[in-house]
Amino acid sequence: MGEVKINNFKPKIVGYLCNWCTYAAADLAGASRLDIKPSINVIRVMCSSRIDQNLILTTFFGGADGILIAGCHPGDCHYDKGNYYARRRYALLKKVLETLKLDPERLQLSWISAAEGKRYATVVNEFTERIRKLGPNPINNNSYF
Amino acid sequence: MGEKIGIYICECGPNIANKVYIDKIIEKISSIEAYKNKELVIKNHKLLCSIDGKKFLEEEIKQNEFTHLVIAACSPKDHESTFINICKKTHLNPYLFRIVNIREQCAWIISDRDEATEKAIQYIRGSINRVSYQSPLEEKKLDSNPDVLVIGGGIAGIETALSLASKKRKVYLIEKTSKLGGKSAKFRKLLPRQNCNTDVIQKKLLDVEENNHIQIFKETELEKAIGFFGNFEVILKNVKDNNLKTELRVGAIIVASGFKQLNTSELPKYEYTQDDDVYTSLEIEEMCSQNGKVLLKSGEEPRSIALIHCVGREEKGYCSQICCNYMLKIAQYLEQQSSDIKIKEFYRDLCLPNKDDQFFLENLQNSAIDFIRIKDIEIKGNKIKYIGTDDTKKEIEVDMLILAPAMEAEDGATELAELLNIQLDETGFFQEAHQKLNPIATSTDGIFIVGAARGPSGISESILQAQAVGGEILTQLIPGEKIVPEVKVSEVLEALCKGCQTCLNVCTYGAIYFDEDRGISVVNEAICRGCGNCMGSCPSGAIRSKHFTNPQLYQEMVEALR
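Residue numbers (the working numbering), protein chains in the order written: chain H, 1 to 145; chain E, 1 to 562.
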């Protein structure tokens with residue numbers, strides 16, 4: 001039974017993508033007609049540093065099975081250092097997730113440049129597969145509370 | 001208040017139409033219970049970005065008097081601005097419009113047409129929700145000052161000043177020494193064809209001194225600069241008399257502060273004193289310009305000379321790009337001076353990237369110059385110990401040594417960066433806004449970097465950059481035209497701000513200041529670029545990133561998780 005459940009499970013993933021690098025990479029992936037799992041729902045932000053911890057936690061409490069934050073490679077931030085701040089907040093969030101009994105693996109930070117359409121597709125598809133194996137967000141299950 | 005939302009789905013020819021079921025999207029969105037309190041108009045069009053499409057859209061917006069508009073089409077990077085322009089032609093505030101990307105993010109990446117349709121519906125719903133939460137932001141228009149301050153009177157600064165003055169722009173050119181021309185004025189001849197320097201650089205110096213639109217301040221430094229693109233207030237001070245100050249208002253600032261050569265006494269492998277016949281390349285250029293000859297301290301002509309490339313290359317961690325070129329030039333000076341001088345060039349890698357360099361090298365290789373490739377080198381006075389590429393250690397003695405020390409940022413670059421609130425990179429040179437996409441701008445709008453201040457560059461490259469900056473300013477800062485700063489900026493909510501000042505530290509642009517009286521942070525909207533980092537950092541949730549507020553993102557997120 002459990003096996004069947006997992007196979008039917010379609011993860012809900014929210015992707016917070018920075019406007020300048022990763023959103024452009026997603027565009028390139030589209031223009032290259034790469035196959036990307038429909039699990040991801042992209043929300044565009046100007047910079048990965050815009051993502052505050054509350055937004056991530058709200059997204060998890062809203063039922064997201066996984067969250068992908070993606071921005072420019074270190075040193076390439078359109079706003080100079082935004083991605084470094086994003087990285088610090090991400091490291092902190094991972095700890096917070098543990099205390100909430102949410103697997104930190106459900107949150108991923110990736111650097112994907114505007115030229116890396118292929119990498120965008122790979123990151124999204126691999127992340128989807130990992131979340132699929134982890135199963136649904138326990139918050140969606142009443143026993144969590 | 002009754003909302004009336006226009007929803008237009010672009011078929012993008014076959015691109016979207018063949019990959020999702022547009023009729024199903026319209027049917028589904030029309031039947032959603034939650035939207036019963038809103039008036040929705042949903043239509044599709046073959047190609048909204050075409051002339052017909054734009055006309056259709058403009059008429060639809062005017063006729064229906066929409067409060068909000070959602071267009072499901074391609075990526076915002078493609079046609080958001082197209083549709084914003086249509087909004088501007090009608091009554092609709094462009095910030096009450098939203099483009100949904102159902103092409104790159106649905107039609108083109110999801111092979112199953114049903115799944116792609118579902119996804120498109122999800123995205124469109126997210127945007128219908130979101131637009132209701134968007135605010136009609138207004139563009140602000142600020143007066144601007146078209147005058148320009150150029151810091152540094154070397155070739156890069158001179159060329160920038162000349163290019164701006166050619167369009168009658170008022171330029172203030174400041175130079176900390178008593179002479180214009182910088183390092184390049186010291187050169188005897190110029191690469192690649194050994195043109196006489198007086199024809200080229202000296203002519204530019206005359207042009208700049210005689211130009212009515214350029215006001216020159218020699219022995220002058222920047223003391224203070226505040227403001228933003230279009231409106232900087234600067235104070236200049238005289239280097240010798242610090243009380244002699246000049247206050248100016250300018251619209252843009254250009255940093256052309258140049259470079260200096262690495263001080264070789266910092267390198268333990270290069271041991272020599274003032275009495276030894278060891279010179280840097282610049283010292284030789286000066287000697288040649290003055291005497292027309294290279295001579296030993298004794299006044300005699302040298303019979304053997306070693307030219308050593310890459311001095312400090314390893315220590316600095318970057319290639320200075322121009323040294324190989326000018327060392328070959330110096331070798332040619334020496335060759336022309338006397339055919340009896342034995343010349344040895346010690347190099348690690350020859351860096352000769354310009355199209356004319358090869359011709360120059362080949363000419364020299366036919367001569368008697370000895371090119372020796374090395375792995376390591378040490379000097380003590382006029383004695384040289386080196387390890388060749390075959391790992392053998394050798395020692396030689398020469399009459400004279402000429403070194404090519406690495407280029408590094410001019411003294412005072414750190415202070416200048418601080419005054420202007422721009423950054424230096426790890427090499428110590430000024431950092432570009434973006435290495436590839438915006439290499440002459442800095443992180444602060446209206447402040448530009450040219451020439452060797454932004455990294456090793458030769459004369460022609462410095463001139464190219466100067467002309468690029470000139471063009472950029474002439475097109476961005478136009479007399480009589482107002483400046484429209486970024487609209488999607490951050491704002492501090494006074495009631496929530498605790499005054500911790502975390503945001504001041506994270507802001508790259510120095511766009512936030514602390515209001516001591518009110519005890520809160522305040523965003524200078526003319527400087528803010530709208531990245532939202534301050535919002536991400538605020539522990540009190542007191543900062544709102546306009547057009548990317550939490551309620552707006554939340555509306556998108558709710559649909560993503562439905």
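Be aware that one or more of the hints could be misleading.
[What the hints assert, rightly or not] With a Cα cut of at most 20 Å, we get these calculated EDC-like pairs of lysine to aspartate or glutamate:
#: 1; chain 1: H; residue 1: K10; chain 2: E; residue 2: E115
#: 2; chain 1: H; residue 1: K37; chain 2: E; residue 2: D425
#: 3; chain 1: H; residue 1: K10; chain 2: E; residue 2: D425
#: 4; chain 1: H; residue 1: K37; chain 2: E; residue 2: E118
#: 5; chain 1: H; residue 1: K81; chain 2: E; residue 2: D425
[As the list claims (entries may be wrong)] Sample of chain E residues lacking proximity to chain H, with all beta carbon distances greater than 12 Å (derived):
#: 6; residue: Q215
#: 7; residue: T392
#: 8; residue: E516
#: 9; residue: I520
#: 10; residue: I543
[Said to hold, decoys possible] Some chain E residues near chain H, calculated using beta-carbon distances under 8 Å:
#: 11; residue: R113
#: 12; residue: D114
#: 13; residue: N363
#: 14; residue: Q365
#: 15; residue: I369
#: 16; residue: F371
#: 17; residue: K375
#: 18; residue: C531
#: 19; residue: G532
#: 20; residue: A560
These aren't lab readings, by the way, just hints derived from the structure by calculation. From the three backbone atoms N, C-alpha and C, an ideal C-beta is built for every residue, glycine too.
Hint by hint, where does the structure go against what was stated? Just the numbers, ascending.
2, 3, 10, 11, 12, 13, 14, 15, 16 and 17
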